[in-house]
Structures are given as C-alpha cells and as structure tokens.
Amino acid sequence: MPEKLSVQNGGIKQVLIIDNNQELLESLKVGLGKYRAQFSTLYANDGKQALEILKRESVSVVVSDVRMPKMNGLALLSSMTSLYPDIPVIIMTAYGQDELEWLARKSGAVAFIGKPFSVDEIGNKILSLLQKESDGGVIKGISVGVFMQLAEMEEMTCTIRVYNEATAMQGVVFFKQGKLFDARYGTYGGEKAVVKILSLERTHIRIQNSCPGFLQPKIGVGLQAVLLEAMRLKDEAIFDKVENPENTVVKLSKRDEITTDSPKQPSASKENAANQKKQRPAKVLHDIQRELGKGFGLSQVDSDHGWEHTVTLALKIGDLFNAGRLKCGYIQTSDNSSNFFIPGSPSTVVSVDQTCPRDRIFRIAERID
Amino acid sequence: MYNMKMLIDDLFNVKGVLGVLVVSSDRSVVFQDLARLKLDGLKETDLEMPLLLFDRVEEADLLFEYYRIYIRKCPLGLLWVIMQPDASAAMIRLQCDIIAPKMKQQKQIKRGIGRLFM
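Taken in order, these protein sequences are the chains called A and B.
Going by my numbering, the first residue of the first sequence is number 125, and it counts up by one from there.
Going by my numbering, the first residue of the second sequence is number -11, and it counts up by one from there.
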C-alpha cells in the first residue's frame, strides 16, 4: 500500500541534493517547493559536504551529480553503500554517459536522471522512491523486537525502518530471507545498531519489501542472541533512553509461525476420492507430524460429523463476501479448545493447543484439501 | 483518544487487508469498509445466520478460495478482517491484538462523560 507521506508515518521526509552548480540548486530549491507536503530538501555542493549532512540528518533519498570537486558522485556512492545502504541514490548525468551510468549502477545507484530535466521528472522519481520505503505497510504500537521475530519467522526479505516519534531518530534493519543481515542507526552499523534500535520506544515501523542487492551480511549472530544482548544491556541501563524495558523483547507464540507456500499436490482421481476421504485423518496426522515434528500442540485428528453445523455457518460467512470454496478453518472456542477443520463429509478435525503454528497447519491442510 | 477510523487505518496498512467489519455485541454493524472487495456493505440481516457461529467461538480463521477471513471477539463485539489468502495473517493478528484493547477504551469513553467531548 502506498505510504501517505504525513506526520503520522514518521514526519516529512528529507531529500539531499548534491551538485556544485549553484544555479541548478537554486532552481531546484524553488521548483521542488511545491512538494513540501511530501518532502523537504537539503543541499550540498560536493560529496564531502553531503556526508557531513548525512551524519546529523535523517535523509530518505539522495540525488547527486557525478562530477564534483573534493568528492565526486561515484566516491560518494561508494561511501553511501557501506555507511548508508538504506538510502537510495539517484544520479544526475548528462545524456550519452552510458559508461558512467553503468559504473554508478554497479556502485549502488538505484535511478538516473539525464540533464537537463524538469522539476516534475525529478519530483516524481523522488516520490516513487519515498513510497517504496513503506510498500510493505506501516505498523504502529508494536515493539521492534516482536516485529523482528516476525520477520525472522516469516523468512522475510525486507528493509525495516524504525522511527522514534519522540527523538525523530530512525534506525534501519535489513532482513534477507528471514536472516538478520545488517542494520544502521546513526553512525552505528551491524549488531550494535540493532541493539540501539531495539531500545527505541513509541515507534512507527515502515516495511519495504526489498533489501539492497549489494548488501553483505554484517551480523554474525542470530536474532535471538541480539535480542538477549539488547535486553541485558537495557537491564544494566547502559543506554541513555530506556523508558520501558519490558517492551523490547516479547516472545511470539509458536502459533504465529509462517512458512512459505508449498506446491499443491495433484488432485485425486474420482476412483480414489472415496478411499482418500477415509484415509484423510491419518494423512493429516502424518503430514503435520512429518512437517512440524511431534510436540507441536497437536493432540488429536479425527473425522467428525458433529462439525457440519460449524462448517455450514463458516460457509455462510464466506457467502457474504463471495469468498469461494471453503478450504479449511481454525476455531477457538470460549472453553479454550482450538481446532482446525477441513470441510467434508465427514469433516476432518485437528485438535490443537493454542501454541500450535497455525499458519503452517493451514498450509498443510490446504494441500490435503 | 482513538477513533475507529484511525484504528482501522492501521489495519489497512498491513499488506493484503481488503476489508474490515466491526459488529457490536448487540449484532449491529459499527463499522465497515468493504470498498476494496467491491461490496456495497452488509446489513444486520445478512449477518444473522453467520453470527450464530459466535455463540461459543472466540476466534475464527477461515481460508476460502479467494479470501481469508479472520474474526475475533473484541470488547466491542466482533472484529472481522477480510484479506487475501496469502496475506501475512500473523501480522494481521498482531495488529488486531494491538487495536482490540483500544476499541475497548473507545467504548468506555462513549458510555461515560467522555462522550460529551468526542
């Protein structure tokens, strides 16, 4: 979902524009003024000045020329990929500089704009990159530790931006296929940055569904180890701002685990359908135990005609939204019993405890269906 | 103070959420946003039969061919989230964990003197 660039999503974003051509900077300052509701602009005359600004300001996008004194655009790109890998860089080039473009792309530039360009051209490029920052959604009121555990369990590849409302500080964490890859918090990087980010309270978390391709893993330990370290440091009150330590690490129950999609099995032929129906509870049990192992909160699998009423009502719910065929369901009742069911005649019912990995059982049930 | 729209917006920020419905304990529709499902909106009478499921049920998660429907009891009544089948259900449940207590706060304010200041 595109981000609404507003205060609620972490304040107005800042864009840093770097060029030694003062006239160009002046005209951009005036022209980009019409985007002030979406982003504000900072300006630098060379790469060195830009790095100074990046040290003290939270910047979302950098737009840089290539040919500049002191530190040129390519040298700046190289520094940025190691110090600020989360900040996308747009390179301004003169037309016909293919080799330069190739070099810049190799160095980590995400977009190019050929000079001369219109204000709207560059404005739109910036907006599109800003929207990417939260193409995976924005989440509030959840501790960063909880979200990171979720990212690990879901095997997400993403860039997570954690924004603290009180201090206006932002930290960035990178996950590749659920593995904690790198992080940045101000000038901190790697594990130290993650620990700092975990200490943030009252945060917005913006999720970008991608991670820079050039990124190399800089965190050698697993997420749990980092979470424990962060908790230990909080307990020792090493950080300046610790407001609510118990919020940092919250264990997710096993039921929140999610796996990637599995390929569907071919549907059974009609001749075998009846036979398979009889064997379904045993197959469900076998598949769940094979994939999850024993002791995952699974207590019983059975065929049960008593579930027809529940299935009928569940079908009525689906009818309200034209949801199509009911594949499977999970029901937790007021007496705290929890069951999965695969509709049929009779339905297959899997009794579980509430800590079971619900989504993984869903995937298995969907395949069996 | 939270208003319903703000709370539900948080839910819509999770990728894959297509619709949200809040039904009060007395079975009236408190909030619905089903525009992404291209549905006009549900009436109380549409819900009579499906709501029978929730006499004893606290939470239901139903996977259909085209959508996944997550329904849970909350202090206000029932919170329904209609999502894409491959949406991040764990994140949506987590978001529901966050907003459900806030719906309670809203309910308390409405009943007390706070309603005068809403």
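Hints are not guaranteed to be accurate.
For the chain A half of the interface with chain B, some residues (derived, Cβ under 10 Å), not all of them [as the list claims (entries may be wrong)]: (1) N333; (2) S334; (3) P336; (4) L339; (5) K451.
Just so you know, the hints here were simulated from the structure itself, not pulled from any lab data.
Even glycine gets a Cβ: it sits at the ideal position worked out from N, Cα and C.
Hints and how they fare:
Interface hint at A:N333: satisfied, since its Cβ lies 8 Å from the closest Cβ of chain B, which is below the 10 Å cut-off. Look at A:S334: its Cβ only gets to about 13 Å from chain B, farther than 10 Å, so that hint breaks. For A:P336, the suggested interface contact is broken, since its CB lies about 20 Å from the closest CB of chain B, more than 10 Å. Annotation: A:L339 was flagged as interfacial toward chain B, and the flag is violated, the nearest CB pair being 22 Å apart, outside 10 Å.
Proximity of A:K451 to chain B holds as hinted, the smallest CB-CB distance being about 5 Å (cut-off 10 Å).
This entry does not satisfy hints 2, 3 and 4, going by the numbered hints stated previously.
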